[in-house]
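Here the protein sequences come in this chain order: X and E.
At position 4 of the first sequence the residue is numbered 4 (our numbering), and the sequence of numbers has no breaks.
Heads up, our numbering is the position in the second sequence plus 1000, with the first residue counted as 1.
No lab work stands behind these hints, which were simulated from the structure alone.
Glycine included, C-beta positions come from ideal geometry on N, C-alpha and C.
Only pairs whose alpha carbons sit at most 35 angstroms apart, straight line, appear in this in silico DSBU-like list of lysine-lysine: (1) E:Lys-1058 x X:Lys-57; (2) X:Lys-57 x E:Lys-1057; (3) X:Lys-57 x E:Lys-1042; (4) E:Lys-1103 x X:Lys-57.
Stretch by stretch, here's where chain X covers chain E in the computed footprint (C-beta under 8 angstroms, at least three residues): (5) 1024 to 1034; (6) 1043 to 1051; (7) 1100 to 1106.
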Amino acid sequence: KAGVTQTPRYLIKTRGQQVTLSCSPISGHRSVSWYQQTPGQGLQFLFEYFSETQRNKGNFPGRFSGRQFSNSRSEMNVSTLELGDSALYLCASSASGTGGDFYNEQFFGPGTRLTVL
Amino acid sequence: ILNVEQSPQSLHVQEGDSTNFTCSFPSSNFYALHWYRWETAKSPEALFVMTLNGDEKKKGRISATLNTKEGYSYLYIKGSQPEDSATYLCAPYSGYSTLTFGKGTMLLVSP
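Please work from the sequences and hints to get the whole structure.
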């Protein structure tokens, strides 16, 4: 099975711009979660989508949004970028909710490194 | 938001040393505890999923134990090798929300 893929891998933006990141889950996985990783902060949960619905949300401002399509691919959007948004953004897919996994094991993509100048 | 504590924050050992780290989590609403290994420039990879109090899992030189009553898990590495250098993350799962990751323990093994 192909793993989780994320595009683009690297991105440089300037303050005030917006950005869209894409994530394609493992085939058959319907849950997609997004995480932000900054130095010293570990993996911070952004949100989780399941069957095109946001199922869980972390403690991030409304500038961070996402969506999921009928094929389970997900996008994450950050509007009005700030310097502090520079981070590695990871997405992970899970078979949770499909009967294929009871413990929500996450399979991670390679991440998108976002730099805001 | 669950309070997940991992210690130590970082560790530097010599090849052949054995080491262990701790993950502390709320014991209420416990369903499972995940351990992940995150090597530099790679994606986090699952090591273990632990569910039962007293559970012990092993994969090669790496093993983990779980105490759900007091809310902690230990990860042990026997005879550390340079390829074990990575950040080790734990994440409890309460069964109805999402995984909450600790900040991790960064392990560096020198030859």
